[in-house]
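Listed in order, the protein sequences are those of chains A and B.
Residue numbers 1 to 552, in my numbering, belong to the letters of the first sequence in order.
Residue numbers 1 to 353, in my numbering, belong to the letters of the second sequence in order.
The reader is advised that the hints may include incorrect statements.
[Unchecked claim] Using 25 Å as the maximum straight-line C-alpha spacing, the simulated DMTMM-like pairs for lysine to aspartate or glutamate come out as follows:
id, chain 1, residue 1, chain 2, residue 2
1, B, Lys-353, A, Glu-442
2, A, Lys-66, A, Asp-135
3, B, Lys-353, A, Asp-135
4, B, Lys-353, A, Asp-436
Hints were generated in silico from the structure; no laboratory data involved.
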Amino acid sequence: MPGLFDRLTTLIGKGAAKGAASRVELKAMIGTAGFSGGVHPKQMKNTAGLPIVDSPLPPRLILPLKQHIGQVCTPIVEVGDRVLRGQKIGKSQGYVSAPVHAPTSGTVLAIEEHAVPHPSGMGRLCIIIEPDGKDEADENLPPISNYRAEDPGLIRERIRLSGIVGLGGAVFPTFIKLLRDHRHPVEMVILNGIECEPYLTCDHRVMLEHSAEIVRGLDVIMHAVEAQRGVIAIEDNKPDAIAAMQQALTEADLAHVEVRVLPTRYPQGSEKQLIQAVTGRQVPVGKLPLHIGVLCQNVGTTKAIHDAVCLGVPLTQRVVTISGDAVPEPANICVRIGTPIPFVLAQCGLEDLNGVRLIHGGPMMGERLPRMNVPLVKSTNGLLAMRQETLYSENAVEEPCIRCGHCVTVCPVGLVPNELAWHCRHDQFDRGQEYDLFDCIECGCCSYVCPSHIPLVHYFRYAKGQVAKIEKERAFAELSKARSEARDNRLAHEQAERAARRSKVRKQQAASAVVKAKAEDGADKPAEKKPTQAAKDMKAKDMKAKDMEKPA
Amino acid sequence: MSLLISSPHAHGGDSIRANMLSVILALLPAAGVSVYLFGWLALFLMVLCMLGCMLSEWGCLKAMGRPLSSLGDGSAALTGLLLALTLPAAVPWWMALIGCVAAIVLAKQVYGGLGHNPFNPALAARVVLLISFPLHMTAWIVPMHAPMFAAVPPLNLYDFSQCWNLFWLGPEAIGKGLDAITMASPLGHVKTEWSRGVGAVEALRNYDYSYLDAFLGREAGSLGETSALALLLGGVYLLARHTISWHIPVSFIVTVYVLAALFNAVNPEHFAPPLFHVLAGGLMLGAFFMATDPVSSPVTPRGQIVFGIGCGLLTWSIRSFGGYPEGVMFSILLMNCAVPLIDHYLRPRVYGK
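The following block holds chain B by itself, in its conformation from the complex (with noise of 0.2 Å):
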């Protein structure tokens, strides 16, 4: 019991616990969609995440000598469970371990815990795994019901225990190359394309690339990054209980279609078009759930446009001039830098003023 007497003796009955988990329930359809495409791996992969964040976020509270009672805030488990919808189905146990202690320790308790993270902790462990662990990362695990492969993927993910063995042991276990049952995602067929010298609309054309895939997620990809409808749903289940605000995902997919429409107006046959750009990668899961972060986002309303913004700009200038096929996470990465500055510089007028 705190000695505080002070007004107002009232609160609306919001919480840390209310809002975590209300983004872990958005999520859902995310990652439902997740196991329908990639079974038993995406099942595994999840709980090991949230179950690795818990246990990290539990082991820093100890040594930190600080209360355990805000382990039961939710948002060590979001944090895993974001990070498990970030990465390919297809990375080892131990990879997603590491990416867990990443995120906890190196990205969220040394700076302070809860709160005082300048950046989204999912995504920094996320680069941590991509930088170490380039080819692992970028190997995306061939889904079940992907068109393109559609009678017989190469191998059916809904049969557990071969699922187990490649989990724990390897593709190896199994008897499979990795490169056997793994495929390129449409933007890492575009940016391969492109060092062919080939344009995105023929790259996408030989891809056997569709709109209607990429929006319900039938397609290659990270975890949950692959369906923007199952995204959108849970963004705006969000957007309607308030727990974020419109202006950063507004602004940012606004600004990637408004940019992508431009240059692929001026040269249609190197650009790929606005609606693959909003539909590709990881920009729906990006603009709904991670730059909408609350400790790493701005929180006055005109600097989160502006934070939708740059992300958007960087989102699109790396994936059509960057090494990266996919531009989402470093854009969000290096927009949290900017966030004390942007929170200092745009703050709501004051009345009378």
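Chain A extracted, bound-state conformation (with noise of 0.2 Å):
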């Protein structure tokens, strides 16, 4: 029975993917904005209607020191300390970093390595603590309640001390982004509240249960950089969320703040397909939104900032969709960065793990877990629990490529996945450049209607790997030759300096061997001191020598 209807799903699935493939090949036929290609995978938003619940504490929090894009972060709270909510318990280092804050009040069990959500289930640093239940909270970073009235650079220090990082999924530290470039003026704000990965729901129910703050947060944005307009993108999948978006921004009565519907297609939630599909232009290749005036922020950060700012709270928690067909109670729940991912899953009525495969992330872009005992980190939007026998990429089986193109047509970058993925499994890495491998945004629109169930973008992701590797042993060679280099060439100048200064000291000393012979006629005493000073004169030369090459 379940195969057949497995089978009647299918169909249905194939029915729904025909249609939208209609849809987009007329777009594209007749020219309009937005972006080329993409897809409408089943959306499988089971979790839309059900409103954000909070997680009880668990017993043991793990914070890894790293859960952004950049440097990690160093420790500065010791074993046994007791921390606060909202302290301030990993520093960031560099530039680019983030701080991390503890989630709630307790103590500090130990400092080590522990999984991390990774597809290489890798280990990283990690507080862990263990809560006292009393979530008392830290209120060193009071609330900036007229934000409009403060310096732009305040705004960004506080959301920089926060730990706020682009909670999409993407985790860039935000008030890099916030920084202004008086050449690249922002001229416009782009809250991305596209959510189009299928089963995700979260920024859904954000934008549904904080509409106000996300308003606000916009607001606090557009005083940050400086920005005229802003524009809250929503595809029309969320009706609801539209009306309660258009309703927020009414009632906090902002100018220049529009609600923009776009139709509902996968990926325009990648940051620069939703700037075309808003402003009909495309940030070009090796430049930044910025520089064509434009920010993106997802809506999930927006709350953050809005909280930072306005409340004074660090990013200490986030929404995540529990969903996936193993998962008997599906949720949209609000937890605590660090929270393991068992004790949520139980939560959901999920105890059993055997069997299952972990997806973090939506299905379309989510990377599976190896290992189960990680935590959700700041990245996590979604966490998916699927049945090992249903999950696609585990179980297809790959066939010869019949060239049908589809893979061109969706491509919402314009590549040639076929053609990539050729020289890229083949490792002729040069020639994939050439296909501009690395303008791949990884979306798995290619490998979501393949017909013959090929991994493309495996294959890209290996190749990059690759390259990247390659180019680091290069640079390694190079750094090593030229180091081999330097140091032939500064012994071969030593030795050239110490046979010239030999040479000069038997000049001289032959020299004063004449003067000595000659001098033997005469009196003995005066004539033995001479070539004592002489050689004494040439040391001191030497050395002026020596010192005078030395800066060089």
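Please assemble the complex out of the two chains, which come individually in their own frames, going by the hints.
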């Protein structure tokens, strides 16, 4: 019976995909604004109607010291210390970094390596906290309620101190995006409420339940970057969120801010594709959205910005969608960052993790987690627990490419994925780069439509990794070569110098010997002192010469 | 089970098998018309070619030690059906089988199997047959219901035993010469008349040619190429299902039409009218089912348009100036050679570049 059911669902899915594809084609033909390509995966957003629930405190919180793009933090607490909610426990190192805060009050149990959500199953330095249940707050960051009167620099500093990173999944430190560059003023702030990944509904729920905070957060951002226009972009599959945001906008009475409804299409939530859909312009290769006067922020990040600035609360919790066909009770849960995954899954009725595969993120771009006992981190927008036997990526059997060209049609970047995959698979990385390997955004549209079930994105990731490795090795080889050449030069130089010095000494000795021989006729004693004096002079001269060479 | 754990973890549900089956489904109207016109002969030929291709595929897979499961993807059956539809109804069974072996072994498996063949296997096989057996390959059996032979066709193709004997033993077995039961196709007729110095318009007049008959398929020709209507139906289905895109068929047919219209306007007595070109011969079959063969056609939209234009240009040129009456097959195979080049130079524009 399950076989029959599966067949039915695939049939229905096929029908949906067909209809979807025809819409794309039509669009491409009449050439309206918006990005090219894209797909319409099955929505599976069955948690859209479920309000956000708060997760209880887990027995342990595991806080990785790197939850962002950039450098790892250094711990500033010791084992045994008592920490408070919102207290900074990891200090950012370097410029591109974001601090880590304690999500509740408790005791630091350990500072050690622990598995983190990563497809390799790697471990990272984590601070492990045992909550004391009191949830006492640290109140060293006062709320800035009248942010419009404050200096934008101060707002940015507050955002930096609050450890805010892009919560859409990219986790790039937010304050860097908010830096002002006078050559490229920000004209438009786009709030990304697209959430085009199937299953995920956390942004949807945040827009419904925290619309006022989001609008206020948008105002904070617009003040911080001195932008004049704001757009809240939402796909038309979330009419309730659109209504809620419009309502909140009317109440807040913000000038030059609008809700933009976009037709549902994956990967519209990708920053560059969204910018094209909203503004009709493309971000040139190698440039940032800032260079065309646009700033994108995820709605969840915007809410976090609001909390940090207006309430003085750093980023210590986030909304996560827990879903997937192995989860009996899917939910949108507001969790403390660092909550272990099995603890959260248990709340959704999933205790036995045998034969379950975990996906960190959505089904299109999420990473499969090889280890279960990892914490939820700042980048976790969704957690899918899928039955092993229904997980496509695990059961797909690759067949030969029939060059149908569907991947070319759906690629939102304009690549030729089938050719690119061919080169990547055969380790022809130069050709791969000729075919614009590094412009791939790994959205997965090509693999999604491939009738031969070729894991194209997997090949692209592999090739990117290999190219990075080769570049690294080459850089290292060049450095070693330069070093060894410098050493050879130095040795040769020193040898020449020594030789020159020696010959000089010999010459002088010879000269003094002649003098000596001449003087032997006269008084013995004064004649003996003379060469010593000459040697001393020469030594001084040498020293001087060496000193002069040093700076060179 | 693969060890792959990379995203995406979802899939749209498309498969090679579904694509191949959809093309076979789209060919059913044309196959139906061929049975209507050529009776049991059409049925024998289609079944034999499909079986022959699948058997050849099985043999190759077995010999190369490849998994036999790929026999189920339907590509060999499709090649067989396509080959049958390009053959005249009167070809002997052994000739059809040679075609099957040529299609699968020579044109497909020696290059590495599905997805690796530079040429359309069915067309490559047809070329082998045309060059090896020119007489049989240009002898078009008089169809049932052809208006120019309105009353009684020389052979009742709905008679099972007669067709059975003709198919396995040849025309001698039923006491008739090949000439007695065959006729010229419209394209062939025009070509012959040209060589006698008669213009196309005059030639069509003395052939008793009618656009309606050509559109519906009531004329001589290969099994599946006669009815433009049936082929259009299948083509529209493939377009709607997104198995093929509009670029190749539209640019192919439009190019032939425009070229024919231009030259027909300049010299209407000599050059055949554009509608004749579009409805004649294998153009519809070629444009919707052969040139769009994914493996041997370009993948990029711009490349597909160039490919279609090239096919149209060559088709019209061969028909108008070449030695063969029909040019669809050669034009598609020639353009197949250019596909790697087209794909390399006509890539889509990359975002932000």
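Each hint, compared with the structure:
| no. | hint | verdict |
| --- | --- | --- |
| 1 | B:Lys-353 / A:Glu-442 | holds (18 Å) |
| 2 | A:Lys-66 / A:Asp-135 | holds (24 Å) |
| 3 | B:Lys-353 / A:Asp-135 | violated (52 Å) |
| 4 | B:Lys-353 / A:Asp-436 | holds (10 Å) |
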